[in-house]
Amino acid sequence: MKADIYGVMAEFDNPTALVNATRAVRDRGYRKLDAYTPFPIEELNDVLHLHKNKLPLIVLAGGILGGLTGYLLQYFVTVIYFPINVGGRPLHSWPSYIIITFELTILFGAISTVLGLLALCGLPMPYHPVFNVPRFSAASRDRFFLCIEATDPLFDKQRTSGLLATLEAKEVSEVAH
Amino acid sequence: MADEQLVIEKPQSHEILARGYTFGTITDQISAVVLTKRTPLFWIASFGLGFILLQLLLASAVLLFGKGTGIWGIRTPVMWGFAITNFVWWIGIGHAGTLISAILFLLNQKWRNSINRSAEAMTLFAVACAGLFPLLHMGRPWLFYWLFPYPNSTTVQPNFRSPLVWDVFAVSTYATVSLLFWFVGLIPDLGTLRDRAKNLFAKYTYGILAMGWRGSARHWSTYDTATLLLSGLATPLVLSVHTVVSFDFTIAIVPGWHSTFFPPYFVAGAIYSGFAMVLALAIPLRAAYGLDGIITLRHLENCAKVMLATGLIVAYAYIMETFMAWYSGNPFEQQAFWNRMTGPYSAQYWFLVTCNIVSPQLLWFKKFRQTPVLLFISSIIVLTGMWLERYMIIVSSLAQDFVTSSWSLFHATRWDWATYWGTIGFFLFLFFLFVRLLPMISIFELRALLPQAKVGEEVKG
Numbered sequence: 001m002k003a004d005i006y007g008v009m010a011e012f013d014n015p016t017a018l019v020n021a022t023r024a025v026r027d028r029g030y031r032k033l034d035a036y037t038p039f040p041i042e043e044l045n046d047v048l049h050l051h052k053n054k055l056p057l058i059v060l061a062g063g064i065l066g067g068l069t070g071y072l073l074q075y076f077v078t079v080i081y082f083p084i085n086v087g088g089r090p091l092h093s094w095p096s097y098i099i100i101t102f103e104l105t106i107l108f109g110a111i112s113t114v115l116g117l118l119a120l121c122g123l124p125m126p127y128h129p130v131f132n133v134p135r136f137s138a139a140s141r142d143r144f145f146l147c148i149e150a151t152d153p154l155f156d157k158q159r160t161s162g163l164l165a166t167l168e169a170k171e172v173s174e175v176a177h
Numbered sequence: 178m179a180d181e182q183l184v185i186e187k188p189q190s191h192e193i194l195a196r197g198y199t200f201g202t203i204t205d206q207i208s209a210v211v212l213t214k215r216t217p218l219f220w221i222a223s224f225g226l227g228f229i230l231l232q233l234l235l236a237s238a239v240l241l242f243g244k245g246t247g248i249w250g251i252r253t254p255v256m257w258g259f260a261i262t263n264f265v266w267w268i269g270i271g272h273a274g275t276l277i278s279a280i281l282f283l284l285n286q287k288w289r290n291s292i293n294r295s296a297e298a299m300t301l302f303a304v305a306c307a308g309l310f311p312l313l314h315m316g317r318p319w320l321f322y323w324l325f326p327y328p329n330s331t332t333v334q335p336n337f338r339s340p341l342v343w344d345v346f347a348v349s350t351y352a353t354v355s356l357l358f359w360f361v362g363l364i365p366d367l368g369t370l371r372d373r374a375k376n377l378f379a380k381y382t383y384g385i386l387a388m389g390w391r392g393s394a395r396h397w398s399t400y401d402t403a404t405l406l407l408s409g410l411a412t413p414l415v416l417s418v419h420t421v422v423s424f425d426f427t428i429a430i431v432p433g434w435h436s437t438f439f440p441p442y443f444v445a446g447a448i449y450s451g452f453a454m455v456l457a458l459a460i461p462l463r464a465a466y467g468l469d470g471i472i473t474l475r476h477l478e479n480c481a482k483v484m485l486a487t488g489l490i491v492a493y494a495y496i497m498e499t500f501m502a503w504y505s506g507n508p509f510e511q512q513a514f515w516n517r518m519t520g521p522y523s524a525q526y527w528f529l530v531t532c533n534i535v536s537p538q539l540l541w542f543k544k545f546r547q548t549p550v551l552l553f554i555s556s557i558i559v560l561t562g563m564w565l566e567r568y569m570i571i572v573s574s575l576a577q578d579f580v581t582s583s584w585s586l587f588h589a590t591r592w593d594w595a596t597y598w599g600t601i602g603f604f605l606f607l608f609f610l611f612v613r614l615l616p617m618i619s620i621f622e623l624r625a626l627l628p629q630a631k632v633g634e635e636v637k638g
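Quick note, the sequences are listed as chains A and B, same order.
Here my numbering is used: position 133 in the first sequence is 133, and no number is missing along the way.
To convert, take the position in the second sequence, counting from 1, and add 177; that gives my numbering.
Looking at chain A on its own, in the form it has when it is part of the complex (with noise of 0.2 Å):
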């Protein structure tokens, strides 16, 4: 079933608030909850559990898929495709490979970086519920927000919204769908 909202939403108007808030509404269980932020915050990391991504193991294996790319591209055309004798060297002159093996690691890994970024975030993402709520847009600016999502199983509007409440937030909103 579809809740009638998304979640309600906390503000904060510094960063040591949204954090206390934070720990103390996951203390109390629940866990479909995300905090908004004009900067990155360490320790919300920490209250949220978010040590761990994908993103170091796309990159590895975007930077091993270009290392590989890269010479076996060089081994092809020089050794089976072209084969030009240059003063009588190997074709498989493997010393001259190294640099473009090198920058095409390091290209395809960064382009895996920008595109696994963007996968794990979900962006582009045209239309999000947060910026129904008419104060988010000084999230990228000074305030701290913090949304508890409706799919959480222990939501309940007016007791989570009564929660929030007591957690020193400047205001308490309901989000929109």
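Check the hints yourself; a few may be wrong.
[As the list claims (entries may be wrong)] Where chain A lies over chain B, by a calculated footprint (3+ residues, C-beta under 8 Å):
| # | segment |
| --- | --- |
| 1 | 367 to 374 |
| 2 | 388 to 396 |
| 3 | 411 to 421 |
| 4 | 581 to 587 |
Source of the hints: derived by calculation from the structure; they are not laboratory data.
Just so it is clear, CB atoms sit at the ideal spot from N, CA and C, and this is done for glycine as well.
Let chain A serve as the given structure and place chain B on it in line with the hints.
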């Protein structure tokens, strides 16, 4: 929301941010440069100068395509002339941006946050200017794609044993990675501009570019990992790019080129000229936009220190280069260096020594490092000196190589100069467009530097 009044104290010379900034005022001050209808006279003048010089570039390129590379002074044996000199110079300038954004990030240097965005933009535009030269120098630039290995009906492929092909890969990778790094850094700030823009067109444009960034803690966590990984990838890359550029010379056997210490010497020279360009851009910008609370004397002083350090490495390289020429016992090497110091290019040689080695010694003095005007002049001198260094390496080595009968001097034509100044115009044009359309300072990284961004002790209760 009501805008707060900007109240800051005059920054102390050791501070990286003036006291008194809040999350709001720092956001407002930087985004106001972009989100205003009022364009300062300084911007119009600088952009106008760039625009005029850009027309000069277009005119010389049109003439070049019409008549061929003969309009330049390149004649046998000096076939590289200005084109490759300018290429190496511009690529070198770009290096400081990546150094600031990647290496100083890994070294946890907080002061980089005020200048990394504009330095990265500088990298991107410098690489764009650099990339033009090999293309224009080809004579038939519309066939540039022959440089890449692609399936074609002639079944001819590039020679992967050639440093010139390595250069194609190095420079195009560098340009791509710099662009990605710069854009990833911009995403949160584009979100800020989207939320603050009043004009509907601006709101939509920044909105599309921000791709729906909403500052979620989950996103920030991944974002931080991405920044770290990109820095880790860009660090070896930036060191490799000028190394590969130097291979264009060292792999050849021309006296004055064929030496193993070119890679570190080139990288140091690149960072040297790059920091000079960072200062040459930052000093007028902070004065014109009143940013001296964000780009403080501390930043200028640190850039000056990097310049001094890399300048000393360059000085060491000049001395070593000369010593090795003598010590090698190779008469051609010895002749090449003797020609540099006393031959037809001796005036340029001693001028570059003055610019690159003698004049930066003033940077030892704290008073000098903390006077923006003097630093600005000093950085222009270094930029000139570094251009001359590349000119010296390329032109004097080619003009007088092994066989005396094939010696011939290089004479730059007015179109050489027009193309060179044209790319300076292209650079200014792009850079000032960037200043006007995108936040020139990373807003979110500065917010994180403010004392109120620290999360206090956990309140039990």
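To see whether the hints hold, each was checked on the structure:
Judged by the Cβ-Cβ criterion of 8 Å, the segment 367 to 374 of chain B is covered by chain A as claimed, because 5 of its residues qualify and three suffice. Residue count for the segment 388 to 396 of chain B with a Cβ under 8 Å from a Cβ of chain A: 9. That meets the three needed, and the coverage hint holds. Residues of the segment 411 to 421 of chain B with a Cβ under 8 Å from some Cβ of chain A number 5, which satisfies the need for three, so the listed coverage holds. Only residues whose beta carbon comes within less than 8 Å of a beta carbon in chain A count, and the segment 581 to 587 of chain B has 0; fewer than three means the coverage is violated.
Taken one by one, the earlier hints fail for this structure only at number 4.
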